[in-house]
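For the record, the sequence lines run as chains E and W.
1 is the number of the first residue of the first sequence in the numbering used here; add one for each residue after it.
1001 is the number of the first residue of the second sequence in the numbering used here; add one for each residue after it.
Hints may be right or wrong, so weigh each one.
Said to hold, decoys possible - Under the rule of at most 30 angstroms between Cα atoms (straight-line distance), these lysine-lysine pairs were calculated in the DSSO-like manner:
1. E:Lys-88 to W:Lys-1077
2. W:Lys-1176 to W:Lys-1316
3. E:Lys-120 to W:Lys-1363
4. W:Lys-1164 to E:Lys-167
Because the hints were derived from the structure by calculation, they are not lab data.
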Amino acid sequence: MTTSIDETGLSRRSFLKGSGLAALGVTLVPLSALLVSPNAMAAKPFKTLSPATAKTLEKMARDIFPHDKLADPYYRQAIAPLDVEAGKNAATASLLADGVSALDASARQRYGRPYTAVAKEEDRVALLKAIESGPFFQKVRGNLVTGLYNNKALWPQFGYEGSSWEKGGYLHRGFDDIDWL
Amino acid sequence: MATQFRLDDDEVVVIVGSGAGGGTLANELAQKGVKCVVLEAGKHYQPDDFENDEWAMFNKISWLDKRISAGGWHHTKTYPNLPAWIVKGVGGSTIHWAGLALRFLPHDFRNKSTYGHVDGANLLDWPIGYDDLEPYYFRAEKKMGVAGTAASGLPLLPENNHYKVIAAGARKVGYKQIVRPMAINSQAYDGRPGCQQLGFCMQGCKMTAKWSTLYTEIPKALDTGRVELRPQSMVLKIEHDKSGKVTGVVYVDPHGHTQRQAARVVCVAGNSIESPRLLLNSASSLFPDGLANSSGQVGRNYLTHTTAAAVAIHQKPVHMYRGTALAAVISDEADPNPERGFFGGYHLEGLSLGLPYTAAFMKPGGWGRDVTSALEMYDHMSCVWVCGEDFAQEQNGVTLHPTEKDQYGLPVPIVSKTDHANDAAIRRHGLAQFRKVSEAVGATRVIDMPPYPASHNMGTNRMSAKARDGVVNKWGQAHDIKNLFISDGSQFTSSSAANPTLTIVALAIRQAEYIAGAMQRKEL
């Protein structure tokens, strides 16, 4: 028994998405990209992304998930997987390069300067808001969800301790230490 | 040497799937002397393969074959190709479940009698009542080591931080029934250790304290010498003879070769998307609408529970991730009470997320300071999941895509779900109550989250007294084909407000008795 597309209210969008994690709006970045220390990362040039593109993506990453307590290298590290993917996939490389150009163009039109030179966060956010449903923004944001928050190096800054089995779980490490109730 | 059965051995019971239904059924049948072949689509992971890492395990064990979300639910936007969050692997979704083993309530089996006619819903009473299932609930609780039950004799698990903060708030707003019947060993039981509060229950319990068929029912079944487990074996179709009796299944083996296993009886336990999909894919000239589908109800009445989630940010740290993922469960709202403005009931279940999942699920697609200011308070969060009654609606269900095929060459399943007006009312009430519970202990901010992809999938091959109303009878036996059984949650007639696993296990124990008896009497 089959049902036609119209009967199920199936959206075209469903077809355009891949399966799995992409379906969550999340890209799982390879762990290897996150194992480098932030300082080493800061010193290491990207292979595919131009310095100007990388600089814009880094700024954009901070504007998408702004954490004042996180140093720049974490954001650089968070976009590193995009450099790796751009190196393997020409479509990604042009999506990113074209996306950055378009973002700079709209920044120049509105504020007379490229995106990274727009001083106020709220102005940059307004520029991003205008493109948030587009593929460029979605690509960058989807990568950041794991590029940033799946980076074990920054978990301590959020009070998350992660893997516990190798330490005997949390049974003797504060699983019931709440003292303010 | 592991037992092996010949492909042409037509005395075996073939079980499709090895989760709560299939894994339990295999062991129960084997203990009664019945020979079984278990075909499992996924790989055979071991606890050594489990990592305390949310995304790593998501990628390793989730059922990620393409599915399409359709209908009016939120998932068409948030999770267009991941309507359900279930496992592809030996042990099925018992690897991923959080371990909450709630019984259904007596009225849950009398869905239609309790609520009468509800516009837009396709309610029906189960052909069995609570009393029929009660002894099997007891046996399931004993088997699974459910903490705090008479059946297991195990004490409750200790209260972790997340439990304490939710329970304290619940008591302040007057809730009384704060429970946690968990199928997680509170001390060593059945050859498995007591829980050490790892906090990664849903990534596969690495210390095997949480019940999963992977390391309980399945090895016990294999130890009898009467069961053969074939992992990475995806069943494509069920075959039948001229009389309409099923005779075997066609599957793809780990090497990509198509095989045919003969069978005396076939039991389908592939969870509520794959099970009806297999029946639909088995359409033949004798059964043009799919097997066991004379009622037209195969793939219909898809139930997921009415769900919602929220995080609360407290003034001081909670560290919700330390310890069992499922914390306090508030049961006071589970009984029906129409004065609240909706039918049915719900549970408020404290369910923790790690930072990586919180970032992904708190506000899918979200960004900016609104999101990051909350995430910076991650260690001050508590998190709840609303698990409410979901009413059967005929148009909610699983159909086959007309053209698109998956890696096995099978039509991609379209999983369609549209809320009933009742669902929205339950969700609103549940989220409002969680807000009160959280604010009662001083929470400063509560953020409502959209439902996660569905982990509770039920109802697509439902039980019915009459053949015209459903797919299987009170034993899970197809109305149309006597040697074909449904052995998973797809046989549920109603969802209740209780997590489904305990009821799936109880039904599997009961079904095994019936099948073994009927085989002995030569009725099968």
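Status of each hint after checking the structure:
no., hint, verdict
1, E:Lys-88 to W:Lys-1077, "holds (29 angstroms)"
2, W:Lys-1176 to W:Lys-1316, "holds (25 angstroms)"
3, E:Lys-120 to W:Lys-1363, "holds (25 angstroms)"
4, W:Lys-1164 to E:Lys-167, "holds (23 angstroms)"
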